[in-house]
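Protein chains in written order, with numbering that gives the first Met the number 0: chain A, 0 to 430; chain B, 0 to 242.
Quick caveat, the hints were computed from the structure, so don't treat them as lab data. Treat the hints loosely; a few may be bogus.
Said to hold, decoys possible - Taking lysine to any residue pairs in the SDA-like style, the calculated list, with each CA pair at most 20 angstroms apart, reads:
1) A/K121 <-> B/K72
2) B/K72 <-> A/G221
3) B/K76 <-> A/K121
4) A/K121 <-> B/K212
5) B/K72 <-> A/R224
6) B/K79 <-> A/T193
7) A/K121 <-> B/K194
8) A/K177 <-> B/R99
9) B/K212 <-> A/I80
10) B/K76 <-> A/D226
11) A/K177 <-> B/T241
12) A/K177 <-> A/F145
As the list claims (entries may be wrong) - Computed from the model, here is a short list of chain B residues facing chain A with C-beta under 10 angstroms:
13) P92
14) D232
15) I234
Think of the CB as a built atom: it goes at the ideal place given N, C-alpha and C, for glycine as much as any other residue.
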Amino acid sequence: MKDKRKQSAETVIPAMAFRNIMRNRQRTILSGSTIALVAFVVCLLFSLDSGAVSDMKNNVVNDVTGNIRIRTERYSENERILPLQFFIPATDELTRKIESIDGVTGTEQRITAAASIYRNDKIETAVLTGVSYNKTRLFSNRSTLFIEGNNTDLVNGQKTAVITKTLSDALGLHAGDKFTFFTRTAAGGSNGATFTVAAVVHLGDTDFNSMRCFMDWRELSGILRMDGNASEIFVYTRKNMSESESDGIIQKIKMLEKASAGTMEMPLEILPWKKTGSVYALFDLMDTIYFFVAVVFFLLASTVIFNTTMMSVLERRKEIGTLMSLGMSKYTVFGMILLEIIMTSGSAALAGCAAGAVIINLWYTQGFNMYAAGGSAVEGMNLSAWIYPSLAFSRYILIFVTGICISVAACILPARQAMRVEPAEALRTEN
Amino acid sequence: MKRVIAVLFSIFTAAGISAADIDTIISKFEANTVYDTVYAESTMKTTNSLGTAQSSFKSWNRRNGDTLIEIDKGPDKGQKILRQGASVFLFYPDAEEVIRLQGSALKDSLMGSDFSYEDLTGENSISDRYTSSLAGTEIVDGRSCYHVLLTAKNSRETYRRQELWIDAELYVSLKTVLYSASGRALRELHSGDIKKVSGFYIATKMIMQDLLKKDSTTVLTIETVIINKPVDDKIFSRENLTW
Numbered sequence: 000m001k002d003k004r005k006q007s008a009e010t011v012i013p014a015m016a017f018r019n020i021m022r023n024r025q026r027t028i029l030s031g032s033t034i035a036l037v038a039f040v041v042c043l044l045f046s047l048d049s050g051a052v053s054d055m056k057n058n059v060v061n062d063v064t065g066n067i068r069i070r071t072e073r074y075s076e077n078e079r080i081l082p083l084q085f086f087i088p089a090t091d092e093l094t095r096k097i098e099s100i101d102g103v104t105g106t107e108q109r110i111t112a113a114a115s116i117y118r119n120d121k122i123e124t125a126v127l128t129g130v131s132y133n134k135t136r137l138f139s140n141r142s143t144l145f146i147e148g149n150n151t152d153l154v155n156g157q158k159t160a161v162i163t164k165t166l167s168d169a170l171g172l173h174a175g176d177k178f179t180f181f182t183r184t185a186a187g188g189s190n191g192a193t194f195t196v197a198a199v200v201h202l203g204d205t206d207f208n209s210m211r212c213f214m215d216w217r218e219l220s221g222i223l224r225m226d227g228n229a230s231e232i233f234v235y236t237r238k239n240m241s242e243s244e245s246d247g248i249i250q251k252i253k254m255l256e257k258a259s260a261g262t263m264e265m266p267l268e269i270l271p272w273k274k275t276g277s278v279y280a281l282f283d284l285m286d287t288i289y290f291f292v293a294v295v296f297f298l299l300a301s302t303v304i305f306n307t308t309m310m311s312v313l314e315r316r317k318e319i320g321t322l323m324s325l326g327m328s329k330y331t332v333f334g335m336i337l338l339e340i341i342m343t344s345g346s347a348a349l350a351g352c353a354a355g356a357v358i359i360n361l362w363y364t365q366g367f368n369m370y371a372a373g374g375s376a377v378e379g380m381n382l383s384a385w386i387y388p389s390l391a392f393s394r395y396i397l398i399f400v401t402g403i404c405i406s407v408a409a410c411i412l413p414a415r416q417a418m419r420v421e422p423a424e425a426l427r428t429e430n
Numbered sequence: 000m001k002r003v004i005a006v007l008f009s010i011f012t013a014a015g016i017s018a019a020d021i022d023t024i025i026s027k028f029e030a031n032t033v034y035d036t037v038y039a040e041s042t043m044k045t046t047n048s049l050g051t052a053q054s055s056f057k058s059w060n061r062r063n064g065d066t067l068i069e070i071d072k073g074p075d076k077g078q079k080i081l082r083q084g085a086s087v088f089l090f091y092p093d094a095e096e097v098i099r100l101q102g103s104a105l106k107d108s109l110m111g112s113d114f115s116y117e118d119l120t121g122e123n124s125i126s127d128r129y130t131s132s133l134a135g136t137e138i139v140d141g142r143s144c145y146h147v148l149l150t151a152k153n154s155r156e157t158y159r160r161q162e163l164w165i166d167a168e169l170y171v172s173l174k175t176v177l178y179s180a181s182g183r184a185l186r187e188l189h190s191g192d193i194k195k196v197s198g199f200y201i202a203t204k205m206i207m208q209d210l211l212k213k214d215s216t217t218v219l220t221i222e223t224v225i226i227n228k229p230v231d232d233k234i235f236s237r238e239n240l241t242w
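Please build the complete structure, drawing on both the sequences and the hints.
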């Protein structure tokens, strides 16, 4: 008999909860749309965060450090003044040896120097970046745009340069034009040279779009009296390499340094990319920060649910009293109220996530213009102008579950209020 | 006792020379240091945090301040520097254009040394550009010197104030301190190894210290010097730079 009653309650309660939801549709729509909106916004926020962080990671690794960055310790100590004299001795030999280490997929030599670019009696200061045209990943970013010239025009061993649109505009330089620059050398003197513009670019990594000029690092090394050496070596490793495997490669490079102790007059600094800048270490923290932002959003939305549920409970005091006088336990009443919330918030969160998924998919294929959305505020963090937001399925689940849990938590108080209804007292009231 | 006599002697000597008229001192100094033309072959050794760099160069200078420097040895070999009036033109072998520097750029280091473009090029005459006063007499490197203060007449001068210690007998500056407009000492020059060439006393060894740099010194040694031998005007032309 008890089992039968229990079975009928199991089917009747959800039905009653559903009926209650539909009874005051406006209120349900208000509660549901709040949760749906928050779930939708949080999905977009998470996808932008995920897209931006993944973009920054890629840009830092591809353009700024490699998976492992090698410099001399003294270069790092004095980086602010671009100390060219502290170059990596025997760069070529070291690079060759590093490339033979298992797990290393490539290397890139890099030089950064300040220069004055001279054209028609006008002098502009710019940053010269020595790269290897056939190795650098700077120009292969999905958002990089060759405004004049193209990738195939870039040949190592020639006095050709790639300039940014900013520099092109400042000096009126175009592909095929020549320009002369002069710069301080590693020996402390000065030197100058004339180069031909091979291409004008707008780089995907917006940090490189200032007054910059890219050229073959060997040519630049000669001009800067660096004896054919570079200031930095970027080491690229196999994809999805674990931190311990990466540390293993660093140890092997350190062994190479020890073996060449005679030729290496300056101790090297060999670091995985995450340790090269304090900002990069924060990337992993950003997920946690965004999760708390999402929780705050849901908490705000829960105030709406709390209010609507509380109103619903107060309006239905007589009905709840009647149900209780007919034998419904106070725990069943409590469960029924919570079930109403679970149904409302669950369907709303699902709808919000689904709508978010549609927009995210659109962004992923079309791209999202960060600069148009005010992304210039994060300049200096290697963000691309266009990012491609995406969200893992597990994140959708997390947002869905968080939405339901916070809504349920917000409605515990109104549900407890319903439990405390005294049937006799409730039946006496006029409603 | 010997020391007391030496001190008394220097005091009397100093007292004697303090009476000298500043205009006379400056005119005698210029008569010894300002030439119609001068050709020199010099070496320069710079020691600083980067290590030691050595280079050698030839230079031509004429009375109006036009100067040509050709670097023939060292890391900057092949470079040429031409001073014409208030401008400096730089020729780099790898550059197709000649670069023109003006204004504060003349304070920049030449060949990474402690000398600036202004120090090694331009006019030698000071009477037209500076007002002078005598601060007293002092002994520098064991020699009696006039301590002369120079203040620029024109605010465009690279060094707004200079202090010179001019040898009272040879009229060569043995020590010079160069100041910025704010009164900060920028460079200090010590001169020595004085030789008589074509009737002029010239310091063939100069030690320049950039006081804004830590542990940086440049020693300039004049190996060969020819004074007042006519120099072809072409030497000081921009066309000559690219030859």
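Cross-check of the supplied hints:
| no. | hint | verdict |
| --- | --- | --- |
| 1 | A/K121 <-> B/K72 | violated, 30 angstroms |
| 2 | B/K72 <-> A/G221 | holds, 17 angstroms |
| 3 | B/K76 <-> A/K121 | violated, 26 angstroms |
| 4 | A/K121 <-> B/K212 | violated, 29 angstroms |
| 5 | B/K72 <-> A/R224 | holds, 14 angstroms |
| 6 | B/K79 <-> A/T193 | holds, 16 angstroms |
| 7 | A/K121 <-> B/K194 | violated, 44 angstroms |
| 8 | A/K177 <-> B/R99 | holds, 17 angstroms |
| 9 | B/K212 <-> A/I80 | holds, 14 angstroms |
| 10 | B/K76 <-> A/D226 | holds, 15 angstroms |
| 11 | A/K177 <-> B/T241 | holds, 17 angstroms |
| 12 | A/K177 <-> A/F145 | holds, 18 angstroms |
| 13 | P92 | holds, 9 angstroms |
| 14 | D232 | violated, 24 angstroms |
| 15 | I234 | violated, 22 angstroms |
Figure legend: structure checked against the earlier numbered hints; hints not met, in rising order: 1, 3, 4, 7, 14, 15.
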